[in-house]
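Number of protein chains: 2
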Amino acid sequence: MRMIKWQNGTVITPDQTKLPLQEATLEIKTVEQMAEAIKTLRVRGAPLLGAAAGFGVAIAAYRSKAKTTKQLLAELETAGALIKAQRPTAVNLFWGVDRVLGKAKTFSGGVEELKAAVIEEAQKIADEDAAQNRAIGKNGSVLIEDGDTILTHCNAGELATVEYGTALGVIRAAWEGGKKIKVIADETRPLLQGARLTAYELKRDGIPVTLITDNMAAHVMSKGLVDKVIVGADRIVQDAVFNKIGTYGVAVLAHEHKIPFYVAAPKSTFDLSCKAADVTIEERKPEEVTHVGCQQTAPDGVAVYNPAFDATPLKYVTAIICETKVYYSKDFPAFKKGKL
Amino acid sequence: MRMIKWQNGTVITPDQTKLPLQEATLEIKTVEQMAEAIKTLRVRGAPLLGAAAGFGVAIAAYRSKAKTTKQLLAELETAGALIKAQRPTAVNLFWGVDRVLGKAKTFSGGVEELKAAVIEEAQKIADEDAAQNRAIGKNGSVLIEDGDTILTHCNAGELATVEYGTALGVIRAAWEGGKKIKVIADETRPLLQGARLTAYELKRDGIPVTLITDNMAAHVMSKGLVDKVIVGADRIVQDAVFNKIGTYGVAVLAHEHKIPFYVAAPKSTFDLSCKAADVTIEERKPEEVTHVGCQQTAPDGVAVYNPAFDATPLKYVTAIICETKVYYSKDFPAFKKGKL
Numbered sequence: 074m075r076m077i078k079w080q081n082g083t084v085i086t087p088d089q090t091k092l093p094l095q096e097a098t099l100e101i102k103t104v105e106q107m108a109e110a111i112k113t114l115r116v117r118g119a120p121l122l123g124a125a126a127g128f129g130v131a132i133a134a135y136r137s138k139a140k141t142t143k144q145l146l147a148e149l150e151t152a153g154a155l156i157k158a159q160r161p162t163a164v165n166l167f168w169g170v171d172r173v174l175g176k177a178k179t180f181s182g183g184v185e186e187l188k189a190a191v192i193e194e195a196q197k198i199a200d201e202d203a204a205q206n207r208a209i210g211k212n213g214s215v216l217i218e219d220g221d222t223i224l225t226h227c228n229a230g231e232l233a234t235v236e237y238g239t240a241l242g243v244i245r246a247a248w249e250g251g252k253k254i255k256v257i258a259d260e261t262r263p264l265l266q267g268a269r270l271t272a273y274e275l276k277r278d279g280i281p282v283t284l285i286t287d288n289m290a291a292h293v294m295s296k297g298l299v300d301k302v303i304v305g306a307d308r309i310v311q312d313a314v315f316n317k318i319g320t321y322g323v324a325v326l327a328h329e330h331k332i333p334f335y336v337a338a339p340k341s342t343f344d345l346s347c348k349a350a351d352v353t354i355e356e357r358k359p360e361e362v363t364h365v366g367c368q369q370t371a372p373d374g375v376a377v378y379n380p381a382f383d384a385t386p387l388k389y390v391t392a393i394i395c396e397t398k399v400y401y402s403k404d405f406p407a408f409k410k411g412k413l
Numbered sequence: 074m075r076m077i078k079w080q081n082g083t084v085i086t087p088d089q090t091k092l093p094l095q096e097a098t099l100e101i102k103t104v105e106q107m108a109e110a111i112k113t114l115r116v117r118g119a120p121l122l123g124a125a126a127g128f129g130v131a132i133a134a135y136r137s138k139a140k141t142t143k144q145l146l147a148e149l150e151t152a153g154a155l156i157k158a159q160r161p162t163a164v165n166l167f168w169g170v171d172r173v174l175g176k177a178k179t180f181s182g183g184v185e186e187l188k189a190a191v192i193e194e195a196q197k198i199a200d201e202d203a204a205q206n207r208a209i210g211k212n213g214s215v216l217i218e219d220g221d222t223i224l225t226h227c228n229a230g231e232l233a234t235v236e237y238g239t240a241l242g243v244i245r246a247a248w249e250g251g252k253k254i255k256v257i258a259d260e261t262r263p264l265l266q267g268a269r270l271t272a273y274e275l276k277r278d279g280i281p282v283t284l285i286t287d288n289m290a291a292h293v294m295s296k297g298l299v300d301k302v303i304v305g306a307d308r309i310v311q312d313a314v315f316n317k318i319g320t321y322g323v324a325v326l327a328h329e330h331k332i333p334f335y336v337a338a339p340k341s342t343f344d345l346s347c348k349a350a351d352v353t354i355e356e357r358k359p360e361e362v363t364h365v366g367c368q369q370t371a372p373d374g375v376a377v378y379n380p381a382f383d384a385t386p387l388k389y390v391t392a393i394i395c396e397t398k399v400y401y402s403k404d405f406p407a408f409k410k411g412k413l
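The listed protein sequences correspond, in order, to chains A and B. 74 is the number of the first residue of the first sequence in the numbering used here; add one for each residue after it. 74 is the number of the first residue of the second sequence in the numbering used here; add one for each residue after it.
Rather than coming from a laboratory, the hints here were simulated on the basis of the structure. Some hints here could point you the wrong way.
Unchecked claim - Derived pair list, reagent style DSBU-like, types lysine-lysine, alpha-carbon separation capped at 30 Å: (1) B:K340 <-> A:K296; (2) B:K296 <-> A:K331; (3) A:K296 <-> B:K78; (4) B:K296 <-> A:K403; (5) B:K410 <-> A:K296; (6) A:K388 <-> B:K388; (7) A:K409 <-> A:K78; (8) A:K358 <-> B:K253; (9) B:K410 <-> A:K255; (10) B:K78 <-> B:K176; (11) A:K331 <-> B:K78; (12) A:K358 <-> B:K296; (13) A:K348 <-> B:K296; (14) A:K331 <-> B:K331; (15) A:K197 <-> A:K102; (16) A:K409 <-> B:K296; (17) A:K296 <-> B:K409; (18) B:K197 <-> B:K176; (19) A:K340 <-> A:K211; (20) B:K348 <-> A:K296.
Being a predicted model, the structure only gives us computed values, none of them experimental.
The shape of chain A in the complex, shown without the other chains (with noise of 0.2 Å):
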């Protein structure tokens, strides 16, 4: 199911906000609009968010009364600032911007052709990521076998891409493959994408999903109740794969238990110019541990620390599922040479 599509210069999306107690849909008619979604979180998920981006600039230039090219592209880069300055540090948004604008600087012709031109690349960016995901997908459902049940962290699901997923994509060509699995999924605190998104998501879809909270992951493996994990990844560098909050002790807890942890993540996903102890790990704000939604949970003004991701040692992946192939333990001492 494609979570944004281009329909005669509107832009369709789910309102990610509203899930899952609601499934409304967006409108997207202008850019301002655009920029709200991103801001306000109703459009999440890195690829997505570069879908979303390059989308952001076609609607610009659909609606652009324009005379001349030059014109035109000065309304697009305004365009493309704005929906940069939304999230300053997603770098998919940048991407998605940046790769529109960067066919619309190199292109020649006259105004409508431009216009055609830029909705034509931002409609790319959709269909490479869609093609991308099922790639993953049908290179990590081998792996999976009839039966397994396979615990997820976070939401690298549909919702986060254009179509299909990314750890999600894997569990849905499984399933699809005729493979009756079963999924558990960490609820993922503090933002709870898992119960949000995740356990949304496969519910809809029809694949059994059982809910638990992050710190039950360790008394489902005890028990036998995991086959394999399977996550995504937000960058993986030469000796760590960074992902959502509470990935490393997942990882930590299927090693123990000898349990696989596969990552699926596409290629853009490798950072090999760095180590982990090289990034930073941004910290958010302390509201998102002391509160869910507006209930507040703990006592006023105590201290918190909230790192968004953590990174978890090569050591505990057993492999990393691409579009073009899988790697394994043997593969990854090239990484530190920044080679795939």
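Go by the hints and put chain B onto chain A.
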């Protein structure tokens, strides 16, 4: 600070359902009020429930207009039955009621003397629990070094006991002994006893505390931010420690990071008649996982697994701190023979 006090026929205790946002005090004057406070978790925590149960029977004695000891005993039996019925699986409730009733039944004397004996026995339960926890604190504090950062899970604190706490008793004793320690508190989903109670009572007492979500424990350990782990226990069997869900995961993570993992609990927690495999773990209602307070966080009707406790095999436990001594791994094999 006494969590439960007898004051001229009135039992004074904090309303724990209001914490940490409000510090409200209950003044319990009737058995019915005590029953309601237990039922609604205004009073909770195994050792505290034992004392509350005893005081519940003491209130019945204090308020009684019985003319004969036979009539008084009948009234105490009725009061005890009402208290036990509030939480049928809380063993401390049964233990507290039965201890006071047992005293009453074997007492010889008049009505007023019997009333006094019942009140005295209830008071004794409370005093003994307080003394026991101070002894645990003293025994455990020698294991804590100046400057240590200690991670704890759930609330094995003053709020769960009559005074001082068990795991937090050790922390309190080290702090009172002048050791400059810091605490990291897991929030402890689903019921958030770490966020609501541990963070509250340590902050109130001026002991530095930082709150994290449960899935951040692995990350803080990997960053070298944790020197020791201390938790409480609900039941210690021949080969494992049963405690709040999530404890086992913390123990595995501590083991992997070579961090000592201590359990603090009174000797009454030991049940060496059985092994971990013999124990059925209570599963609680799905709403605890799909909701935080009144806020729904997961899709309607999603499947949930919600075990209340987990089992930590003794191989992950560095030592068990009791009121009489500290048991180290060399002492654990004797547990299999039922010996302490």
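Hint check:
{"no.": "1", "hint": "B:K340 <-> A:K296", "result": "28 Å, holds"}
{"no.": "2", "hint": "B:K296 <-> A:K331", "result": "24 Å, holds"}
{"no.": "3", "hint": "A:K296 <-> B:K78", "result": "42 Å, violated"}
{"no.": "4", "hint": "B:K296 <-> A:K403", "result": "27 Å, holds"}
{"no.": "5", "hint": "B:K410 <-> A:K296", "result": "25 Å, holds"}
{"no.": "6", "hint": "A:K388 <-> B:K388", "result": "23 Å, holds"}
{"no.": "7", "hint": "A:K409 <-> A:K78", "result": "39 Å, violated"}
{"no.": "8", "hint": "A:K358 <-> B:K253", "result": "27 Å, holds"}
{"no.": "9", "hint": "B:K410 <-> A:K255", "result": "41 Å, violated"}
{"no.": "10", "hint": "B:K78 <-> B:K176", "result": "20 Å, holds"}
{"no.": "11", "hint": "A:K331 <-> B:K78", "result": "50 Å, violated"}
{"no.": "12", "hint": "A:K358 <-> B:K296", "result": "20 Å, holds"}
{"no.": "13", "hint": "A:K348 <-> B:K296", "result": "15 Å, holds"}
{"no.": "14", "hint": "A:K331 <-> B:K331", "result": "19 Å, holds"}
{"no.": "15", "hint": "A:K197 <-> A:K102", "result": "19 Å, holds"}
{"no.": "16", "hint": "A:K409 <-> B:K296", "result": "22 Å, holds"}
{"no.": "17", "hint": "A:K296 <-> B:K409", "result": "22 Å, holds"}
{"no.": "18", "hint": "B:K197 <-> B:K176", "result": "11 Å, holds"}
{"no.": "19", "hint": "A:K340 <-> A:K211", "result": "15 Å, holds"}
{"no.": "20", "hint": "B:K348 <-> A:K296", "result": "15 Å, holds"}
Hints 3, 7, 9 and 11 from the earlier list are contradicted by this structure; the remaining hints agree with it.
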